[in-house]
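Peer 1: Residue strings, one per chain:
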Amino acid sequence: MTQEHGLWARGTRALGGMLALTVALGGCAAGPAASSPTRAEKQTVTVFAAASLTAAFTEIAELDPNLEVRYTFDGSPTLVDQIKGGAPADVLATADQATMTKALDAQLVQPDPTMFATNVGVLIVPQGNPGGITGLDASLDGKKLVMCAPAVPCGAVAVNLAKEAGVTLKPVSEEQKVTDVRGKVASGEADAGIVFSTDAKAAGDVVETLELAGAANHATRYPISPVTASQNQAAAQAFIDLVTSAKGRAVLTEYGFGTP
Amino acid sequence: MSLPRWLLLPAGLAVAFVALPLLGLLVRVPFADVPTLLSSRSSLDALGLSLLTCLIATAISLLIGLPLALVLARSDGRLAGVVRTLVTIPMVLPPVVAGLALLITFGRRGVLGAPLSVLGIEVGFTTIAVVMAQVFVAMPFLITSVEGAVRASGSGYEGAAATLGASPTHALRRVTIPLLAPSIASGAALTFARALGEFGATITFAGSLQGTTRTLPLEIYMLRELDTDSALALSLVLIVVAGLTVAVTGWFSRRTVRRGIS
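First to last, the sequence lines map onto chains Y and S.
Each residue of the first sequence is one higher than the one before, starting from 1 at the first, in the numbering used here.
Each residue of the second sequence is one higher than the one before, starting from 1001 at the first, in the numbering used here.
Note that these hints are calculated values from the structure, not bench results.
Every residue gets a Cβ at the ideal spot worked out from N, C-alpha and C, and that includes glycine.
Any given hint might turn out to be false.
As the list claims (entries may be wrong) - Derived list of chain Y stretches under chain S, where covered just means 3 residues or more per stretch with a C-beta under 8 Å from a C-beta of chain S:
(1) 140–154
(2) 166–175
(3) 186–195
Claimed, not checked - Restraint ranges, calculated between C-beta atoms of paired labels, are given here:
(4) S:V1246 <-> Y:A165: 48 to 54 Å
(5) Y:Q107 <-> S:R1041: 28 to 34 Å
(6) S:P1021 <-> Y:A229: 18 to 24 Å
(7) S:G1120 <-> Y:E211: 30 to 36 Å
(8) S:R1041 <-> Y:P65: 40 to 46 Å
(9) Y:T228 <-> S:T1228: 15 to 21 Å
(10) Y:T58 <-> S:I1177: 56 to 62 Å
(11) S:F1031 <-> Y:Q107: 23 to 29 Å
(12) Y:E211 <-> S:R1041: 32 to 38 Å
(13) Y:G142 <-> S:G1159: 55 to 61 Å
(14) Y:R70 <-> S:V1027: 31 to 37 Å
(15) Y:A106 <-> S:V1246: 34 to 40 Å
Looking at chain Y on its own, in the form it has when it is part of the complex:
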């Protein structure tokens, strides 16, 4: 009987806790204006970001304890496509302006996106450079080069860099995501890959990086903008402010991004 009583009491306490939580969450949902400034309010924001932002954005999310960020990282065109299909995103960050322009044209995001980072293309090879690659030159002949499809930002950069170097690239695979290119080089499956300098940095020692001449001329700029359909504009703006804050920029720099 005593035990039963104990169980009942515990159950009630748990139920009470749950009720309190529900009330607290309800308070949050009522909006920032309704909540008292003394209580830390936790806002949830859903961010669709280019795959190359994975590591930096994950760290940026930890800067603000009041912001709970849920991420989808994928190729920029995929993200735009998903938002067009009604995916519940609050913020969109793409790896180039061309993709953001598509989102703007379809009125999926708010006008005047903020430029928050830049990135340049580099050539990566597996550790030890088994293919003996020296750059975008004849050393690639007969070797396995992987790049992004030209429609993906990292692919557009690769095409421009090849033009600059005066070579025609013959990739064995055109991937949909920059991280897939890196994966195929890191695993040694490919002899070389064209990725962003940030991706090369994130791979650590498993790949070696070859800087490319004229890379700065073809730097890609990253825009970020709130999604028009978002019911969560305040949180969306809070996240964008966080990314462009001094702390946010410091994290981006740490991961190899440039300042626009």
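Following the hints, put chain S in place on chain Y, whose structure we already have.
Peer 2: Using the frame of chain Y, we list chain S on its own:
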């Protein structure tokens, strides 16, 4: 026997759940432009590559999967059980895992791939890799469906053939295979359809390059965000082929049932 009428409600929901997305896609297909969309170089390359690789994958499955199905159907030991489980795994495996498994094994630095690479044989990024991915995920469909049919039909006719002096090979060619023809055909059709839809293992193991490794599903995956109309037109092709395959399979299996009864 009559079923309770209320069953019609959940049954109708089931039909709607499956049919609505297909109808939704069909409504959006720009039918007038389909011939133009399908005649683009990249679409034709993807179509041709898919047909070629799927036919080869189905042929390989018949060549090695059919014998395995016959062996399994006549074995009941523990080893047969283990083999049966093994060959069923790819059917339920997420395709990306299948691709990863193939990559880890046959990739340039893989368990088997590394020694092969020394010999100058590298399958990664080639059409062979596409076929390997397709056989890996699709052959189990042939094996399980044919094995089931062999078990259901029993071994009476082969026994009779043997008493009449037929050698095992002769009995296999003249009795077993003809008897099983409908189920072999439907198993092959299923295998072809599964190979045609193969996506995850291909993109993980073989990569994506026009004319070499970019099959129909990969082309649709790439186009869906750039050129939705082309993606829809190619999806229509896949749906039609899948529909035809299932219809053929159904026709063959009904024939088998009728034959079984008569």
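Peer 1: None of the hints should be skipped; say for each whether it holds.
Peer 2: A quick look at each hint next to the structure:
Given as covered by chain S, the region 140–154 of chain Y passes the check, having 4 residues with a CB less than 8 Å from a CB of that chain where 3 are the minimum. Counting residues of the region 166–175 of chain Y whose beta-carbon sits less than 8 Å from any beta-carbon of chain S gives 5, enough to reach three: the coverage restraint holds. Evaluation of the coverage hint for the region 186–195 of chain Y: fulfilled, as 4 residues show C-beta separations to chain S shorter than 8 Å, against a requirement of three. Separated by about 51 Å at the C-beta atoms, V1246 of chain S and A165 of chain Y satisfy the suggested range of 48 to 54 Å.
Checked against the given bound of 28 to 34 Å, the beta carbons of Q107 of chain Y and R1041 of chain S, roughly 33 Å apart, stay inside it. Checking the proposed 18 to 24 Å range against P1021 of chain S and A229 of chain Y shows it holds: the Cβ atoms sit about 22 Å from each other. Against the hinted window of 30 to 36 Å, the Cβ-Cβ separation of G1120 of chain S and E211 of chain Y comes to about 32 Å, which satisfies the hint. Separated by about 53 Å at the C-beta atoms, R1041 of chain S and P65 of chain Y break the suggested range of 40 to 46 Å.
Against the hinted window of 15 to 21 Å, the Cβ-Cβ separation of T228 of chain Y and T1228 of chain S comes to about 20 Å, which satisfies the hint. Separated by about 58 Å at the C-beta atoms, T58 of chain Y and I1177 of chain S satisfy the suggested range of 56 to 62 Å. Under the hint 23 to 29 Å, the C-beta atoms of F1031 of chain S and Q107 of chain Y, about 28 Å apart, fit the expected range. Remark: the range hint 32 to 38 Å for E211 of chain Y to R1041 of chain S is upheld by a beta-carbon distance near 35 Å.
Against the hinted window of 55 to 61 Å, the Cβ-Cβ separation of G142 of chain Y and G1159 of chain S comes to about 59 Å, which satisfies the hint. Distance hint for R70 of chain Y and V1027 of chain S: a CB-CB separation of about 32 Å, consistent with the stated range 31 to 37 Å. For the pair A106 of chain Y and V1246 of chain S, the supplied restraint of 34 to 40 Å holds, since their beta-carbon distance comes to about 36 Å.
In summary, the structure is inconsistent with hint 8 from the numbered list given earlier, while agreeing with all the others.
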